[in-house]
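Asks: Chain by chain, the residues:
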Amino acid sequence: MSVYSLGLGIGTKSGVGELLEVYYPAPQLNPKGEWVDKVLGYIKNPESAVHEIRLEKAKLIADMIPNHPKFDDTTRTIIFTVLKDDRAPSSTAEAYLKLHLLSHRLVRPHETNLTGIFRTLPNVAWTNEGAIAIDELAKRQLSARLKGRYLSVNSVDKFPKMTDYIVPSGVRIAHTARVRLGAYVGEGSTIMHEGFINFNAGCEGPNMIEGRISAGVMVDSGTDLGGGCSTMGTLSGGNDIVISIGKNCLLGANSGCGIPLGDNCTIEAGLYITGGSKINILNKAGEIEKSVKAASLSGVSDLLFRRNSLKGYIECKPLKAAIVLNDELHSHN
Amino acid sequence: MSVYSLGLGIGTKSGVGELLEVYYPAPQLNPKGEWVDKVLGYIKNPESAVHEIRLEKAKLIADMIPNHPKFDDTTRTIIFTVLKDDRAPSSTAEAYLKLHLLSHRLVRPHETNLTGIFRTLPNVAWTNEGAIAIDELAKRQLSARLKGRYLSVNSVDKFPKMTDYIVPSGVRIAHTARVRLGAYVGEGSTIMHEGFINFNAGCEGPNMIEGRISAGVMVDSGTDLGGGCSTMGTLSGGNDIVISIGKNCLLGANSGCGIPLGDNCTIEAGLYITGGSKINILNKAGEIEKSVKAASLSGVSDLLFRRNSLKGYIECKPLKAAIVLNDELHSHN
Amino acid sequence: MSVYSLGLGIGTKSGVGELLEVYYPAPQLNPKGEWVDKVLGYIKNPESAVHEIRLEKAKLIADMIPNHPKFDDTTRTIIFTVLKDDRAPSSTAEAYLKLHLLSHRLVRPHETNLTGIFRTLPNVAWTNEGAIAIDELAKRQLSARLKGRYLSVNSVDKFPKMTDYIVPSGVRIAHTARVRLGAYVGEGSTIMHEGFINFNAGCEGPNMIEGRISAGVMVDSGTDLGGGCSTMGTLSGGNDIVISIGKNCLLGANSGCGIPLGDNCTIEAGLYITGGSKINILNKAGEIEKSVKAASLSGVSDLLFRRNSLKGYIECKPLKAAIVLNDELHSHN
Numbered sequence: 001m002s003v004y005s006l007g008l009g010i011g012t013k014s015g016v017g018e019l020l021e022v023y024y025p026a027p028q029l030n031p032k033g034e035w036v037d038k039v040l041g042y043i044k045n046p047e048s049a050v051h052e053i054r055l056e057k058a059k060l061i062a063d064m065i066p067n068h069p070k071f072d073d074t075t076r077t078i079i080f081t082v083l084k085d086d087r088a089p090s091s092t093a094e095a096y097l098k099l100h101l102l103s104h105r106l107v108r109p110h111e112t113n114l115t116g117i118f119r120t121l122p123n124v125a126w127t128n129e130g131a132i133a134i135d136e137l138a139k140r141q142l143s144a145r146l147k148g149r150y151l152s153v154n155s156v157d158k159f160p161k162m163t164d165y166i167v168p169s170g171v172r173i174a175h176t177a178r179v180r181l182g183a184y185v186g187e188g189s190t191i192m193h194e195g196f197i198n199f200n201a202g203c204e205g206p207n208m209i210e211g212r213i214s215a216g217v218m219v220d221s222g223t224d225l226g227g228g229c230s231t232m233g234t235l236s237g238g239n240d241i242v243i244s245i246g247k248n249c250l251l252g253a254n255s256g257c258g259i260p261l262g263d264n265c266t267i268e269a270g271l272y273i274t275g276g277s278k279i280n281i282l283n284k285a286g287e288i289e290k291s292v293k294a295a296s297l298s299g300v301s302d303l304l305f306r307r308n309s310l311k312g313y314i315e316c317k318p319l320k321a322a323i324v325l326n327d328e329l330h331s332h333n
Numbered sequence: 334m335s336v337y338s339l340g341l342g343i344g345t346k347s348g349v350g351e352l353l354e355v356y357y358p359a360p361q362l363n364p365k366g367e368w369v370d371k372v373l374g375y376i377k378n379p380e381s382a383v384h385e386i387r388l389e390k391a392k393l394i395a396d397m398i399p400n401h402p403k404f405d406d407t408t409r410t411i412i413f414t415v416l417k418d419d420r421a422p423s424s425t426a427e428a429y430l431k432l433h434l435l436s437h438r439l440v441r442p443h444e445t446n447l448t449g450i451f452r453t454l455p456n457v458a459w460t461n462e463g464a465i466a467i468d469e470l471a472k473r474q475l476s477a478r479l480k481g482r483y484l485s486v487n488s489v490d491k492f493p494k495m496t497d498y499i500v501p502s503g504v505r506i507a508h509t510a511r512v513r514l515g516a517y518v519g520e521g522s523t524i525m526h527e528g529f530i531n532f533n534a535g536c537e538g539p540n541m542i543e544g545r546i547s548a549g550v551m552v553d554s555g556t557d558l559g560g561g562c563s564t565m566g567t568l569s570g571g572n573d574i575v576i577s578i579g580k581n582c583l584l585g586a587n588s589g590c591g592i593p594l595g596d597n598c599t600i601e602a603g604l605y606i607t608g609g610s611k612i613n614i615l616n617k618a619g620e621i622e623k624s625v626k627a628a629s630l631s632g633v634s635d636l637l638f639r640r641n642s643l644k645g646y647i648e649c650k651p652l653k654a655a656i657v658l659n660d661e662l663h664s665h666n
Numbered sequence: 667m668s669v670y671s672l673g674l675g676i677g678t679k680s681g682v683g684e685l686l687e688v689y690y691p692a693p694q695l696n697p698k699g700e701w702v703d704k705v706l707g708y709i710k711n712p713e714s715a716v717h718e719i720r721l722e723k724a725k726l727i728a729d730m731i732p733n734h735p736k737f738d739d740t741t742r743t744i745i746f747t748v749l750k751d752d753r754a755p756s757s758t759a760e761a762y763l764k765l766h767l768l769s770h771r772l773v774r775p776h777e778t779n780l781t782g783i784f785r786t787l788p789n790v791a792w793t794n795e796g797a798i799a800i801d802e803l804a805k806r807q808l809s810a811r812l813k814g815r816y817l818s819v820n821s822v823d824k825f826p827k828m829t830d831y832i833v834p835s836g837v838r839i840a841h842t843a844r845v846r847l848g849a850y851v852g853e854g855s856t857i858m859h860e861g862f863i864n865f866n867a868g869c870e871g872p873n874m875i876e877g878r879i880s881a882g883v884m885v886d887s888g889t890d891l892g893g894g895c896s897t898m899g900t901l902s903g904g905n906d907i908v909i910s911i912g913k914n915c916l917l918g919a920n921s922g923c924g925i926p927l928g929d930n931c932t933i934e935a936g937l938y939i940t941g942g943s944k945i946n947i948l949n950k951a952g953e954i955e956k957s958v959k960a961a962s963l964s965g966v967s968d969l970l971f972r973r974n975s976l977k978g979y980i981e982c983k984p985l986k987a988a989i990v991l992n993d994e995l996h997s998h999n
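Chains as they are written, first to last, in my numbering: chain A, 1 to 333; chain B, 334 to 666; chain C, 667 to 999.
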């Protein structure tokens with residue numbers, strides 16, 4: 001039988017039995033082989049995607065999945081999730097499996113269907129004692145204080161931080177609280193303290209990321225995001241253009257980008273380019289040729305964007321040949 | 334008897350008996366009813382605001398305060414604080430009670446007297462083992478290391494993070510280290526990783542906060558602060574204008590605001606407006622009418638601020654009717 | 667015998683015996699006195715810089731170093747490091763000792779040789795259970811989950827956060843995850859939540875730091891870095907100018923500085939000055955005298971930088987006498 005993804009996980013439940021989160025140590029994408037049918041044979045209700053299973057069964061399944069770590073004894077909730085196809089997640093366990101696929105680099109941003117994921121994720125208090133249901137928190141806090149324990153709430157969010165689930169190979173993430181589960185962090189990437197990566201977003205690697213990669217944004221290899229720079233996300237509303245940043249670009253510190261950027265582009269420190277910014281295009285001689293909306297430069301490579309510091313306008317200088325506009329977008333100017 | 338506020342709390346003391354912090358699970362504002370007199374009858378020295386009490390008395394008081402959680406056995410320091418009126422706090426326990434009133438949404442920013450609060454708050458090392466006095470920290474760190482424990486210092490500050498004391502209902506706070514106790518976080522607010530809220534500051538809710546709400550600043554409902562945007566605080570010196578942001582505004586990513594903003598205003602991404610910025614006012618036809626200091630637009634609604642990307646000047650476009658200046662401020666231009 | 671530095675430390679090893687980090691409670695710079703020779707007499711192989719020693723020897727050495735805290739019983743790895751001169755670090759233990767010298771304020775940024783330090787520092791998972799080798803992390807995470815423990819990874823980086831090693835006197839650091847070991851934080855400094863200090867960088871104190879101090883950058887006393895402001899680092903490539911910020915300067919919120927700044931300078935909120943920015947110099951009457959590259963204003967004092975909000979150009983206004991350019995840099999314009 002062919003399935004889209006499956007994962008054996010350990011979950012945390014609230015006091016009333018609501019599933020708060022699931023950790024899948026070794027999620028599988030498009031698993032193939034005889035073992036898949038065998039594993040699915042263990043499931044009682046094969047029409048369901050999410051199965052709470054017992055330890056013995058979990059041990060058997062873990063042993064059958066190639067390269068899956070051994071499952072030791074535990075009293076925790078064990079979840080076995082099977083996604084037959086790539087439909088929108090309809091439960092917490094399914095959503096977490098899809099977020100794992102991204103952070104395990106099994107899929108890239110936009111390659112798995114996350115429609116409606118917010119509805120499937122409970123808001124959770126992420127504490128030094130693990131995930132706690134929001135409406136059970138106050139009682140837990142008082143109890144901990146009385147007992148002399150320090151219960152610290154590090155995040156109140158639908159998404160946990162990625163590194164508590166998976167640290168992909170070959171990365172540095174200086175301050176992990178700023179990278180959500182569901183981020184794609186490519187091999188060779190360094191995410192500095194000011195870096196941020198939302199879910200369904202990421203960088204191909206190698207990259208130096210000291211700015212913010214908003215939900216839906218993908219940054220290609222060799223590109224640096226300077227300190228505090230901004231990429232415009234699609235969740236901010238109004239805008240359905242998916243921003244991406246090409247290869248070998250440099251977004252300067254405190255700059256911003258609201259258009260899909262081609263390869264080898266530079267945005268000077270402190271300059272924010274939005275799709276509606278009007279920009280003076282320079283020719284190779286440095287003279288103004290014409291003015292266009294930034295959106296018409298979407299995807300064009302080899303551009304330097306800066307604000308002329310004596311004239312105040314935004315200018316775009318070709319770094320190689322003369323600039324060829326993105327016709328489709330330019331025609332809508 | 335009428336009192337301004339009271340709270341039953343659990344405190345942490347330094348090795349030499351200095352009170353470092355107090356956690357009040359259920360602070361009371363303007364408590365009314367017979368129970369108030371009864372509770373105050375338990376206090377030995379009614380002229381004092383702060384009372385260290387024994388467990389038995391704490392249990393009795395907790396039972397008498399309506400809806401107060403039960404007080405279980407504890408060996409911790411128990412503090413009962415009674416503020417007869419809203420005077421400036423003169424001790425750590427009083428200051429913490431006032432900060433709780435804000436974060437429990439019992440008062441809004443500027444509604445309780447915090448004069449001189451910095452003097453009442455000790456600088457504390459906030460660690461994974463709780464609050465530690467600064468001058469006892471080095472010894473504790475060495476001792477923990479020798480014993481193989483990991484003592485981590487998450488903050489060295491006069492203010493703790495809010496969520497270790499109270500998570501108000503209906504909020505998400507993705508990275509809690511950036512919201513101080515004394516912040517007011519309205520129902521329906523999402524504070525993203527780049528968001529920040531100082532004490533005596535906050536947002537009415539619902540809001541999407543990805544920028545910084547400085548001390549003293551209040552953000553009204555329906556307003557979005559974009560990633561990395563800045564609001565000017567009153568603690569930064571020189572400026573005694575209290576900044577506020579009206580309803581349904583949008584401060585773009587990496588923008589900034591140094592004037593009180595009216596409703597339905599937008600500041601474009603990357604643009605910083607200070608009170609002294611000179612701004613070209615556009616009429617409905619898009620022509621420049623005159624130039625004014627930004628301060629004279631304080632509190633005016635329905636404005637779009639942007640930097641003309643071809644001319645370099647800052648312009649302000651009316652979104653509805655023509656702009657009517659704030660006369661009082663304009664006359665000082 | 668004269669040595670450059672020595673330190674008695676407690677280390678963490680990976681499962682295969684690799685040293686991941688070393689904590690030196692009381693590092694010594696240029697130690698003098700008879701005790702130095704005596705202490706060195708305890709070392710078996712005096713040509714080596716790094717010595718793993720036994721508890722008894724550590725206790726003896728701790729007692730001989732003036733003002734060194736007593737060394738209690740421990741089963742941890744004990745490291746005694748002796749740097750005969752200030753050469754580039756060639757091992758983890760040496761690198762950590764040098765980073766301690768900076769954060770203990772025994773040397774200032776650029777005063778100790780850190781050449782090649784990245785090669786000597788392993789990438790480490792900094793967790794609530796201490797330092798863990800990256801390739802041992804996944805197994806530890808699964809094991810902790812099965813056992814119901816919450817293993818949280820706070821950073822994946824070559825540098826730990828400073829405050830887990832040393833909190834220097836007289837500082838506040840609101841969010842310690844943003845200050846690396848190797849930062850120099852002067853007496854009287856407040857590092858707010860948005861502040862950041864890299865290694866081999868810092869501030870003299872007193873300072874209010876709400877912006878980012880990049881690697882190699884030093885900020886002099888009395889200077890404020892506004893929220894989200896940026897200083898250009900030397901690690902970002904291309905640029906070998908070491909940025910420094912003079913006394914009593916103000917970098918406004920969301921501003922940036924890419925030149926060494928003199929004393930008493932202000933950069934307006936939201937304005938980024940890079941070395942290549944062309945700037946209109948104003949005379950005392952406020953008229954434009956000439957245009958220069960920002961680099962030629964390197965180190966010049968008493969300057970106000972702002973973008974003329976009606977003309978769009980960057981201007982520099984002398985705050986005292988007329989501006990005298992930095993001739994050496996100006997001649998390269």
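Just so you know, these hints were derived from the structure itself, not from any lab. Take the hints with a grain of salt, since some may be wrong.
[Claimed, not checked] Keeping only pairs whose Cα atoms sit at most 20 Å apart, straight-line, the calculated SDA-like set for lysine to any residue is: (1) K139(A) x G374(B); (2) K147(A) x G463(B); (3) K57(A) x E34(A); (4) K750(C) x K736(C); (5) K480(B) x N711(C); (6) K472(B) x G449(B); (7) K371(B) x V383(B); (8) K57(A) x E722(C); (9) K644(B) x G276(A); (10) K725(C) x G481(B); (11) K278(A) x Y313(A); (12) K13(A) x P69(A); (13) K944(C) x L282(A).
Asks: For every hint, state whether the structure bears it out.
Replies: Each hint tested on the structure:
| no. | hint | verdict |
| --- | --- | --- |
| 1 | K139(A) x G374(B) | violated, 28 Å |
| 2 | K147(A) x G463(B) | holds, 12 Å |
| 3 | K57(A) x E34(A) | holds, 18 Å |
| 4 | K750(C) x K736(C) | violated, 24 Å |
| 5 | K480(B) x N711(C) | violated, 28 Å |
| 6 | K472(B) x G449(B) | violated, 31 Å |
| 7 | K371(B) x V383(B) | holds, 17 Å |
| 8 | K57(A) x E722(C) | violated, 51 Å |
| 9 | K644(B) x G276(A) | holds, 15 Å |
| 10 | K725(C) x G481(B) | holds, 17 Å |
| 11 | K278(A) x Y313(A) | holds, 9 Å |
| 12 | K13(A) x P69(A) | violated, 23 Å |
| 13 | K944(C) x L282(A) | holds, 18 Å |
Hint compliance for this structure: hints 1, 4, 5, 6, 8 and 12 are not met, and every other hint is.
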